[in-house]
Amino acid sequence: MSLSPDDDLAAAEYALGTLDPAERAVLAARRQRESDLDEAIIAWEGRLAPLAEAVPALAPPGDFLAAIESRLDGAAEANPLVVDLTKRLRRWRAGALAAGSIAAALAIGIGLRENMREATPHEFVAVLQKSADQPAFVVTVNLDSRSLTVRPVAAPPQPDKAYELWIIDPKLGAPRSLGVLNQANATAPNLSPYEPAVIESATYAVTVEPPGGSPTGQPSGAPVFVGKLIPTGP
Amino acid sequence: MDLSSKIEGQDLGALLARIASRDRAAFAALYRQTHAKLYGVVARIVSRKDLAGEILQEAYVRIWEKAADFDPAKGSPIAWMATIARNRALDEVRRVQPVAIEDMPEGFDPADEEIDPLAGRERSETLEALTRCLGALEPEKREIVLLAYYRGASRDALAKRFGRPVPTIKTWLRRSLADLRDCLSS
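Residue numbers (our numbering), protein chains in the order written: chain A, 1 to 234; chain B, 1 to 186.
Source of the hints: derived by calculation from the structure; they are not laboratory data. Watch out, some of these pointers could steer you wrong.
[Stated by the list, open to error] Okay, the calculated beta carbon distance ranges per label pair:
no.: 1; chain 1: A; residue 1: P211; chain 2: B; residue 2: P165; range: 36 to 46 angstroms
no.: 2; chain 1: B; residue 1: G163; chain 2: A; residue 2: A43; range: 41 to 51 angstroms
no.: 3; chain 1: A; residue 1: N190; chain 2: B; residue 2: K66; range: 48 to 58 angstroms
no.: 4; chain 1: B; residue 1: K66; chain 2: A; residue 2: G62; range: 21 to 31 angstroms
no.: 5; chain 1: A; residue 1: P215; chain 2: B; residue 2: R132; range: 42 to 52 angstroms
no.: 6; chain 1: B; residue 1: T168; chain 2: A; residue 2: S35; range: 28 to 38 angstroms
no.: 7; chain 1: A; residue 1: G62; chain 2: B; residue 2: E138; range: 34 to 44 angstroms
no.: 8; chain 1: B; residue 1: G13; chain 2: A; residue 2: A67; range: 24 to 34 angstroms
no.: 9; chain 1: B; residue 1: L184; chain 2: A; residue 2: P196; range: 21 to 31 angstroms
On a predicted model such as this, the values are computed, not experimentally measured, just so you know. Here a beta-carbon is modelled for each residue, glycine too, at the ideal position from N, C-alpha and C.
Looking at chain B on its own, in the form it has when it is part of the complex (with noise of 0.2 angstroms):
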């Protein structure tokens, strides 16, 4: 074994821990391991391939400059760091004009790309918990919150998608939220 394929093994939190002391080897690694992650959810909401290679790249920027604020206690590395991946993308496409839900990435139809939460096999506790609660909305309830989550889909796009007023929408997305944080802490 080389000392690169080592350095790929370590785990992510130990790597930021690195990357908080301006370890660019640390970085490299980190990047290696979860730069396809990342482009999965920053491409899912972002339709230009130019624009989210841009956001991947100052998403891992902000990562860098961020790596210190990781808190292993607060969530898992990859969800912290997709966080700040899905926050970059979401600023993008919240800028001028709201996304729209037929405006999606090539090749990620959402009627055959449907990401289901609900149905993966492996998941970590906290995702159990988020996908217990949010299985006990109902159905419309949960794919706008999930189409919202993975695809960026504005509250237009959703009233479009749904045949619903924009602001029956935003009712639907808070008080689904708001279960959702009751479910969550009860």
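Bound-form chain A, shown alone (with noise of 0.2 angstroms):
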């Protein structure tokens, strides 16, 4: 799948770190899902970073090795909960890929788009995650009462921070919060103010904040966990 030139000129500017914050976090939260998209970022890297070579070195105001090593032993270990969640993502994925061709048979028009949702599942999951093997949160949303539940699943407990929860969709411009997320219960954000429309295409994003949320409305930093929904029916 080849990407279009907006998004191609989007990576680009990515990889330079010219784009505003929220387009910023919108484009890492894509490149985390659209491999297409990913791939042409680290291209984009590549091509600029021989300009690091002119860099003059400048030495740091102190020595951090003791200081690094001491945080590389915070590997996440191998969870027995990530394996059985990673085998019934699969699945998921699996019915993914047939629902995405309804999708594309019900974007012929809206009437008919109408006519036909009965059909469509209106319970969707996402695993909300860094890779494939490191699930922290699992969202489930029921589209016909617009509830949204997050459950933290293998989240690195953040002590004095909190992990707030982003909805990320090109329609709604910048991301919005849906919240603080409780580390250790289920979360139910209020999706009221969004289109189902909205709340299925959406893309999930877990950010790190200050206690209480981000005190700016938008997120501090890039995504530590992401993730899109689809569907558990049949």
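Hints are included, so try docking the two chains, each in its own frame, into the full complex.
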């Protein structure tokens, strides 16, 4: 699959660093799910990277080696829950492929879509993860009641920080906060302001924020966990 | 020659390969050889010294985690490491407020400390190709690309510096990048 020229230049600006914070957050979330976009960003990084050779060295204010080494031990261990979830995820993805072809057929017309609404699944799930073997949160959505539940699975505890959930979609412009997540139990953010079509197509992302959530109303950094909804129905 | 200086003398690609198999001695050697270079990359983008130090540390943790992904066919080890460090720095300055071009690290006045990759004498082949393509851009457009790369300048900061509207800067950036891509592939 080839990338649109616009997306390729967005990837270029991502690599150069000139996207504004909201655009950057959207692209950071999309690249986790869109391998062609991810490859385009890596290709752009590669094109520009030789420039770094010309940067003069500069002594940092102190020796950080010991501090860095003490951080290297925090790597995630294999977690039985994670293994089980990975299996379930594979099954969900297989279901999502079939649903994708239904969705393509539905795209023909809104009227047709409305008529066929009954046949479309209303329960969705998203696994928010850093990589395929590191799921952190599971999001379930019921589109009829527009209810969303987020359960922590293997998210590393953030004692002095908060996990904040965002809904990200080109139709919404900048990422919108769905609130701070409970690190131990399920959280049920309010989805009522959002259209079902947006809820269904959006990317869900989690960032690490100060306690109480981002002070600016926008993600403070790139998402640590990201996912998209896939139907759970038959 | 003692053992540690032998380790220091190894090439960075070999060190990264050892780091991929979790070799702490190789990691320490890599840090000692490269930290000033990477700090140079980070500190030119992030103005606060404490923050720049923190980002340097995070970058090395990522290098440790991702060492197995390094592919010598795709570029030099230092370019790969600098990309990781630079991305962390960009994530930082693109958090809330874009960094202002005026808000540069102390002692880094762009007027008297301009990095000019076109002027360097020792260049790798890839930098040679890239500087040739940069040289084909109009001077102003080349300057915005370099300020964005080396100083992490945002579109807003570039718009102020060049007295142009932000959409114009965006158009310039994208055209310049597309020109670079086409030039590099020709």
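Worksheet item: So which of the earlier hints does this model not fit?
Response: Of the numbered hints, 2, 3, 9 do not hold.
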